[in-house]
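Engineer: What follows is the residue order along each chain.
Protein chains: 2
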Amino acid sequence: MSPAGEPGAQVQADLDRLLPLLDGALTVPFQEGAAARLGEAMRYSLEAGGKRVRPVLCILAAEAVGGTAAQALPGALALEYIHTYSLIHDDLPAMDDDDLRRGRPTNHKVFGEGHAILAGDALLTEAFGVLAGADLDPNRRAEALILLAEGAGWRGMAGGQALDLEGEQVAAYDLDHLRLIHRMKTGALLQSALEIGAVLGGADPGQRAALRACGAALGLAFQIQDDILDATATEVQLGKRTGKDAGKGKITYPSLLGLDGARRALAEATETALCHLATLPNRPSLEAWARYLAQRAK
Amino acid sequence: MSPAGEPGAQVQADLDRLLPLLDGALTVPFQEGAAARLGEAMRYSLEAGGKRVRPVLCILAAEAVGGTAAQALPGALALEYIHTYSLIHDDLPAMDDDDLRRGRPTNHKVFGEGHAILAGDALLTEAFGVLAGADLDPNRRAEALILLAEGAGWRGMAGGQALDLEGEQVAAYDLDHLRLIHRMKTGALLQSALEIGAVLGGADPGQRAALRACGAALGLAFQIQDDILDATATEVQLGKRTGKDAGKGKITYPSLLGLDGARRALAEATETALCHLATLPNRPSLEAWARYLAQRAK
Chain W
41 MSPAGEPGAQ VQADLDRLLP LLDGALTVPF QEGAAARLGE AMRYSLEAGG KRVRPVLCIL
101 AAEAVGGTAA QALPGALALE YIHTYSLIHD DLPAMDDDDL RRGRPTNHKV FGEGHAILAG
161 DALLTEAFGV LAGADLDPNR RAEALILLAE GAGWRGMAGG QALDLEGEQV AAYDLDHLRL
221 IHRMKTGALL QSALEIGAVL GGADPGQRAA LRACGAALGL AFQIQDDILD ATATEVQLGK
281 RTGKDAGKGK ITYPSLLGLD GARRALAEAT ETALCHLATL PNRPSLEAWA RYLAQRAK
Chain H
41 MSPAGEPGAQ VQADLDRLLP LLDGALTVPF QEGAAARLGE AMRYSLEAGG KRVRPVLCIL
101 AAEAVGGTAA QALPGALALE YIHTYSLIHD DLPAMDDDDL RRGRPTNHKV FGEGHAILAG
161 DALLTEAFGV LAGADLDPNR RAEALILLAE GAGWRGMAGG QALDLEGEQV AAYDLDHLRL
221 IHRMKTGALL QSALEIGAVL GGADPGQRAA LRACGAALGL AFQIQDDILD ATATEVQLGK
281 RTGKDAGKGK ITYPSLLGLD GARRALAEAT ETALCHLATL PNRPSLEAWA RYLAQRAK
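Chain order of the listed sequences is W and H. Take any residue in the first sequence, note its place counting from 1, add 40, and you have its number in the numbering used here. Take any residue in the second sequence, note its place counting from 1, add 40, and you have its number in the numbering used here.
Simulated from the structure, these hints should not be mistaken for laboratory data. Note that the structure is a prediction, hence the values are computed from the model and not measured. One or more of the hints may lead you astray.
The list cannot tell twin chains apart, which means a pair is met if one copy fits it or any two copies do.
Pairs of lysine to aspartate or glutamate, DMTMM-like flavour, derived with a Cα cap of 25 angstroms [claimed, not checked]: (1) LYS149 with ASP137; (2) LYS290 with GLU183; (3) LYS290 with GLU46; (4) LYS91 with GLU72; (5) LYS290 with ASP300; (6) LYS149 with ASP136; (7) LYS91 with ASP177; (8) LYS338 with ASP137.
The shape of chain W in the complex, shown without the other chains (with noise of 0.2 angstroms):
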């Protein structure tokens, strides 16, 4: 068994086996003529790096259910394209004023701030830019970009963004608006990265109900990870400011729940995620990186 925290040998064998394979893909070409400034700054948050959760996840969803790395590979593109404007709209000093993310200085500290909206908004198109435009089956292709606009929009993402922002301003703020924020916020897009792995890997119904439950559950509990890491974890540990929840009297699951708490919280939603694998054939890959990101250290 591997060091709490740290990454098991099944989640390091497929981050060594996947992220050659992302890094290689998400890049912003270099063209002629066209905005330079700006793809260096969408290259910048691209480049970044992290471990690629989201288009890791959809790839192992879609082999799951028999399908292949390269069926899923323009769908796990575009959830990483999502992912990266979303962190850059988000440290935004109109919304949560972070000067550091990974390690680096944000988006707008390097290009500015009118670059870091237009690099985060040019990312986001080419998310749905990548994937129509991938040769794959049509109709699968259509289902994974209608899965992609719901956990991204305002039914998802950005609408859970926008009730986080306004989240001081509620007065019944309980645990039930709590999970609805995480569900958003977080929970949607993970939800979506399941989903369209399963449609591009070719799921039945079943299989593809089946993943987007565990998708859900997961989003939840990497949420509430997340939150604990906030209050606990270092920022050096961390690559970004830690303890700003508390500095903001934000409410969390460790505010609402105490630490003990949010860590059986977080047990029960790894738990339910885990559940609804059962019957996949081709499951062990996700199991292990469901119980990895749960006890994650970063």
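Please build the complex by placing chain H on the supplied structure of chain W, with the hints as guidance.
Structural biologist: Below, chain H alone, put in the same frame as chain W:
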């Protein structure tokens, strides 16, 4: 002949026929448990109206090659979502910093900067969602989605806005550079509007190329007229701040060529646009719109 600046009979007839169709469809439905304030911010800018130039041109392009408004409608809506998001983001303090748009306070003045950024993000996402989810021929739909991403993204509109922001720092800012900015910032999406209409209306390759070329020229004409209006019209006429280009020392067609030179360039671009329409079976509306856009008073 109608007075200069006023829509003529054909343009008015198209508006009377198409605006109710568009305005009825361009909305963000209330949804229980969703981000209500974000939905409100999206609606605020979507429902501010205007002449809906891009969606109207998209539908007219489809009709020009024998297609129907119903076939082009999902593309038309997507274009207006994109256009609306771009106005919201362009008005932000970090971009053009405008307080007034279509005679009303800009989005961030009403909803705050964070929500304005998110409303733009969500409208951009919804553009792809509405097109991906439309009941259309799968290949035409995919083509339209690719064109939308091209016109809106870093090779198109977003890239043009970035170059525009950088404008003041460019040492050799000449007519070629201004043309590049205009082609990307305004031309690319208008070109997409006509080409998406062509694709959704079932154009043959020659018709599609003609409408694409017409869109490029029309986009240039549209932006030159924008520059001319900014230099000559009043704030009350336009419903937005005027003279802001000159106030910022910004380089425009009138500042490079003088007002007369700009008007000649406008006439030339309009003739080019008309020329590309010459072989289309059903072109009177598009011709009337090309003439109208070049002489519009706001």
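Engineer: Which numbered conditions among the earlier hints are violated in the structure presented, ordered from lowest to highest?
Structural biologist: 2, 3, 4 and 7
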